[in-house]
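A.B. asks: Each residue of the sequence shown is one higher than the last, beginning at 196 in our numbering.
In case anyone wonders, no lab produced these hints; they're calculated from the structure.
Worth double-checking, as some hints may not be accurate.
In the PhoX-like style, the derived pairs of lysine-lysine whose C-alpha atoms are separated by at most 20 Å in a straight line are [to be verified]: (1) K306 with K271; (2) K447 with K412; (3) K440 with K413; (4) K233 with K244; (5) K440 with K412; (6) K388 with K413; (7) K287 with K312; (8) K412 with K400; (9) K388 with K400; (10) K388 with K412; (11) K413 with K447; (12) K413 with K400; (13) K271 with K244; (14) K306 with K287.
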Amino acid sequence: MNTVIRASILSALLIGSTTTYASNESASYDDALVAFNKGNVQDSYLLLKHVLKDTPENLPAKLLMGRILLLNGYIKESIEELEEVLLAGGDKNLVLPPLSRAYLLDGQYDKIFTLLKRNTLSSDARLSVTLVVGTAHVRLNQLEQARVLYEDALTRHPDNVLLLNALANLMLDINEAEQAEQLVTHALEIEAKNPFLLITLGKLKDMQGQPSLATYKKAYDIDTDNPATMRAYASALAEEQQFEKASTIIAKIEEQTPGDVQNQLIKARILALTQQQFEADKILKSLADKLSLLTEKQLNERIELSLITGIVAYLNKNYSLASTELYRYI
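Generate the whole structure from the sequences, applying the supplied hints.
C.D. replies: Next up, the structure:
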């Protein structure tokens, strides 16, 4: 990757660092790996930059750089690094899991499918890529393909929490509440404090007409800074008409992820429920304008947004937008 571009994109990571570079290349990479595993991504990046400046062909360093770029949201740059590692003969079991996630975030679904079909991987690496392939199928509304994929993987990994949760969510999407409950119950027996399992349990309770706010709060309490747990809890608070608490959490999410579409929809829903139609309409119009810029393929890949937008618009008595988005979803 062009070093000038990389330096420009990642300049924010350089501010305020006090990292001292090791003079030995191997030691620098080891230090970068230790820093990364401790969550010190900025220090790890700086050390890797030093290593790659001296030895651009250092595959472990390039692989770790690709993972850091992915974590920081530089998807195309991450893909470039990871593809270079792959072409240079890097271990597919280490490269393909992060590369498949990068392709997913970039909307390159066909490439994800190809990765799984054309490569022989270790059990763990194959499971990691399989989960990404399943997500790609769901985003393309290919729910039956995702179901077959997950169920097949489950025969080999019956106790994998990520897989159980992915299949449970899919069962909820196709209104198979009983099967979803069996999957979630089994997963919670394995990992009772997994916040994402608790979010799925909350969705199940919603479908069954049971109180769910305490479940979403438990997920939020376990991981208070995760946008997913924050959104789920804020939505549940809004449904219970605890608008002040919900709005406080929404504001916190906005600080972390400005412009997040799901967050904007929740905010619009709160405004609609509190009879603030004008402000809600402003958000919905902005989202509708953004959606209008997407291609048909991109819209179909984000079909769940049409459902949520349509529901919020209906609650806000914006029947024209509701009709358009719900018709698209149907």
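A.B. asks: Hints first: check each against the structure and report whether it holds.
C.D. replies: Status of each hint after checking the structure:
no.	hint	result
1	K306 with K271	14 Å, holds
2	K447 with K412	16 Å, holds
3	K440 with K413	15 Å, holds
4	K233 with K244	18 Å, holds
5	K440 with K412	12 Å, holds
6	K388 with K413	9 Å, holds
7	K287 with K312	13 Å, holds
8	K412 with K400	13 Å, holds
9	K388 with K400	17 Å, holds
10	K388 with K412	12 Å, holds
11	K413 with K447	18 Å, holds
12	K413 with K400	14 Å, holds
13	K271 with K244	18 Å, holds
14	K306 with K287	15 Å, holds
The structure fails none of the hints (numbered hints given earlier).
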